[in-house]
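Residues per chain are reported as follows:
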Amino acid sequence: MTMESTMELDDLKQAWQALDRRLQQQNAINLQLLTDSRVRTAKSGLRWLRVRSALQIALGVALTIFFALFWIEHRDNIVLMASGLVMHAYSVLLIIAGVVELLLLIRIDYAAPVVTIQRYLTLYRQWRNRAMPWLGLSQWLLWIPETLIVFKVWLRADIWANAHEVVYIFLAIGTAGLLGSMWLVYWSPAALRRRVASYLDETNAGPAVMRAQASLDEIARFERE
Amino acid sequence: MDATATMTADTRQAFGALLEQHRGIVFKVANTYARDAEDRADLAQEIAAQLWRAWPGYDPARTFSTWMYRIALNVAISFLRGDGRRRRHTVPLDELPDLADGNAADHETGDRVRALHRFIATLEPLNRALLLLYLEEHSTRQMAEVLGISESNVTTKIGRLKQRIRDQVAPTGTA
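These protein sequences, in sequence, are chains A and B.
Quick note on the numbering used here: the first sequence kicks off at 1 and runs consecutively.
Quick note on the numbering used here: the second sequence kicks off at 226 and runs consecutively.
The set of hints was computed from the structure by calculation and includes no laboratory data.
All of these numbers come straight from a predicted model, not from anything done at the bench.
Here are a few chain B residues that face chain A, going by a calculated C-beta distance under 8 Å:
id, residue
1, A279
2, R295
3, L298
4, V300
5, S303
6, R306
7, T334
8, V338
9, L341
10, E349
11, L351
12, A354
13, L360
14, L372
15, I390
16, R391
Just so you know, even glycine gets a beta-carbon here, dropped at the ideal spot from N, CA and C.
Could you build the full structure based on these sequences and the hints that come with them?
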């Protein structure tokens with residue numbers, strides 16, 4: 001055989017069988033090692049994600065009711081009503097996000113065909129990767145209506161009515177934080193941006209979105225003849 | 226309460242016996258998707274744990290090996306894709322088992338195995354699953370059932386794999 005010689009799939013089959021025989025002798029992995037911790041990890045993976053989604057939906061429902069009652073009660077105060085409406089909308093988004101996640105997670109059954117399950121897993125990852133950065137960034141502004149509502153409900157104090165300038169300062173801080181975060185992610189020097197992207201990648205964002213999309217494209221290609 | 230927690234000793238024994246009987250599937254999938262010995266052991270354990278977890282839902286009317294392949298491949302592909310820090314896609318040649326016992330035929334086999342591993346490392350996770358099932362001599366129908374694609378699609382993809390092998394694979398060290 002020469003360097004230029006090529007191989008056929010059936011040549012690889014012979015190589016595969018040879019490798020298999022050798023690995024059978026060498027594999028010292030004990031499959032009976034179904035230790036409690038290993039099984040617990042396997043059990044808790046998807047189950048914990050389902051519980052987290054269910055809790056998110058429950059929290060979203062409770063907050064939706066709370067904020068709806070709040071803005072209805074303060075229809076005569078435009079700033080408080082707007083704060084309640086913004087938080088109401090955010091709570092509805094929490095519910096929608098939780099339901100989407102739960103529906104995807106419920107469909108994940110490892111005993112189902114490989115292409116189907118890989119698509120659901122990738123869709124789930126892509127959903128998390130896309131939703132999480134926006135949920136994070138929105139907190140830079142959402143804390144402002146949250147603060148106005150908390151002061152009104154628990155301290156009976158209307159910050160806007162008593163000190164407009166405090167709300168303007170809140171808005172300035174929130175906008176600066178939002179722009180700062182966006183600068184770090186999109187406009188900072190390349191070296192810093194890479195470090196931020198690497199951190200975001202670990203926390204379900206950034207390049208992970210592209211990887212999830214690449215996986216979905218690969219699955220779609222595989223399904224096509 | 227989780228169904229596996231309530232399984233009887235007989236059920237555990239039945240699962241253990243079936244796992245032992247088909248343990249080759251776990252090793253082959255782990256060897257195809259994991260890079261080194263540590264990852265292989267880790268993946269094999271992960272597959273075994275997921276099989277145990279899914280066992281209460283197994284329908285005895287269905288083929289055990291098909292059920293097992295689906296779970297093993299799903300776990301392995303997730304293992305490959307899921308951990309950004311995990312080294313992936315390549316199998317270092319120095320970690321392949323030594324197949325040569327000194328004679329020319331063994332050297333040739335060793336070269337072929339290395340060529341096979343290099344080729345596997347270039348494949349996307351789903352094509353890797355298809356190649357594994359083909360090398361294990363599964364029928365087109367079985368491959369379609371495990372992967373969840375049509376039989377004609379399996380045939381087409383096998384044809385493309387053959388072409389890729391002709392184009393890309395040549396044993397090294399055989400000048």
